[in-house]
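Asks: Could you build the full structure based on these sequences and the hints that come with them?
Take the numbering used here: the last position of the sequence shown gets the number 146, and nothing is skipped along the way.
Hint data in this document are derived by calculation from the structure and do not stem from the laboratory. Just so you know, these numbers come straight off a predicted model, no measurement behind them. A few of these clues could be false.
Below are the DMTMM-like pairs computed for lysine to aspartate or glutamate, each with C-alpha atoms no more than 25 Å apart in a straight line [what the hints assert, rightly or not]:
| id | residue 1 | residue 2 |
| --- | --- | --- |
| 1 | 42 | 61 |
| 2 | 42 | 60 |
| 3 | 42 | 15 |
| 4 | 42 | 53 |
| 5 | 42 | 52 |
Cβ pair distances, simulated, as ranges [said to hold, decoys possible]:
| id | residue 1 | residue 2 | range |
| --- | --- | --- | --- |
| 6 | 73 | 16 | 23 to 29 Å |
| 7 | 69 | 125 | 18 to 24 Å |
| 8 | 90 | 21 | 39 to 45 Å |
| 9 | 12 | 84 | 24 to 30 Å |
| 10 | 51 | 79 | 43 to 49 Å |
| 11 | 93 | 125 | 37 to 43 Å |
| 12 | 129 | 21 | 18 to 24 Å |
| 13 | 95 | 129 | 25 to 31 Å |
| 14 | 90 | 125 | 43 to 49 Å |
| 15 | 74 | 25 | 17 to 23 Å |
Think of the CB as a built atom: it goes at the ideal place given N, C-alpha and C, for glycine as much as any other residue.
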Amino acid sequence: MAEEITAFSEPAPRDVAQAIRRGAFGKCPACGSGRLYGRYLKVVDACAACGEELHHHRADDAPPYFTILIAGHFIVAGVMMVEDYFHPDYWVHIAMWFPLTIGLCLWILPRIKGALVGLQWALRMHGFGGRDALDPARPAPEPTAN
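Replies: Pasting the structure below:
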């Protein structure tokens with residue numbers, strides 16, 4: 001009795017760097033022309049240009065974490081340099097660094113989130129497999145006897 005094994009072909013790989021770059025610039029990771037966001041951080045359900053579904057993303061807590069990590073390095077370095085060279089009063093530090101911190105975080109956050117959505121799309125995570133992904137709900141083929 002011989003068994004026939006049916007193999008599924010792997011979907012074509014997606015360019016990870018290109019998808020991250022497109023997402024970071026607020027564009028659809030699939031086509032690069034549609035908008036990723038409908039509002040400030042609200043990812044559109046589907047790309048208006050190519051129709052790729054984008055609602056699958058699971059960015060969650062990673063974008064704020066990376067935003068704070070990146071912005072914190074710039075702000076702390078700036079605070080230390082200003083304090084070392086100019087020795088301003090504390091109220092000057094607060095007046096200068098508080099708005100800069102808020103502004104930098106608000107500027108970085110959508111770029112980090114877009115890059116993360118692009119990464120998830122490129123790696124086919126969380127349902128981004130699309131039509132070329134293997135369907136986990138489909139039952140495995142039955143072995144055939146020859």
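Asks: Which constraints among the numbered hints does this structure fail? Numbers only, ascending.
Replies: 9, 13
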